[in-house]
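**Q** Using the sequences provided together with the hints, build the complete structure.
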Amino acid sequence: IAQMEDIKRVFAYHGAEHKSINCYESGDELTVENVAKHSRIHARCGTNFMLIVLFTSVFVFSFFGRPPFLQRILIHLAIMPIVAGLSYELIRKAGQEDCHPIFKWLAKPGMFLQNLTTREPDEEMLEVAIRALQTVLHKDSEHPEQKKIVQFPKADTTA
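Residue 399 in the working numbering sits at position 55 of the sequence shown, with consecutive numbering throughout.
Think of the hints as simulated: they come from the structure by calculation, not from any bench.
Since the structure is predicted, the reported quantities are computational estimates derived from the model, not experimental observations.
Hints may contain errors.
Calculated lysine to any residue pairs in the SDA-like style (CA-CA distance at most 25 Å, straight line) [to be verified]:
| hint | residue 1 | residue 2 |
| --- | --- | --- |
| 1 | Lys352 | Gly371 |
| 2 | Lys381 | Thr461 |
| 3 | Lys352 | Thr461 |
| 4 | Lys483 | Tyr357 |
| 5 | Lys381 | Leu477 |
| 6 | Lys448 | Asp466 |
| 7 | Lys352 | Lys437 |
| 8 | Lys437 | Asp466 |
| 9 | Lys452 | Glu433 |
| 10 | Lys452 | Met424 |
| 11 | Lys352 | Lys452 |
| 12 | Lys448 | Asn459 |
| 13 | Lys437 | Met394 |
| 14 | Lys452 | Phe403 |
| 15 | Lys452 | Ala356 |
| 16 | Lys437 | Phe447 |
| 17 | Lys452 | Val427 |
| 18 | Lys352 | Ser383 |
| 19 | Lys352 | Glu471 |
| 20 | Lys381 | Arg436 |
| 21 | Lys381 | Glu489 |
| 22 | Lys452 | Leu398 |
| 23 | Lys381 | Glu433 |
**A** Structure (structure tokens):
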């Protein structure tokens, strides 16, 4: 599937998204030249999140054995918000520069997976990613009363 032209294009836009957010988070000006220099791998990528949710689910749900189907569904529904929250916190922590090495280790599989789900974008894709990010930042600045500032320290986003 990853070799289909349409999918390659989607993966390149995914790479452009990561490059633009990495550029923004590093404090560099959002230009095609600056964005192109940044990594297409990002610690807080949804790909990372999904993989961590999968691993966390396997770990957490292993403690419940194999109850009857309906009971298993109810247990999963009740505990999935906890799994999602824990996974979110793991990925958030892994994106911080000063985190414990165990968090970096936990994020490594997702970082490597991004080598499959991102491609190097062309200049036009970088321009689209920059414009999209600028639009979001502009919309965000229009409503400062609703803005919740979450600072993410620069992350080591190399896989």
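**Q** Are there hints from earlier that the structure breaks, and if so, what are their numbers?
**A** 1, 6, 7, 8, 21, 23
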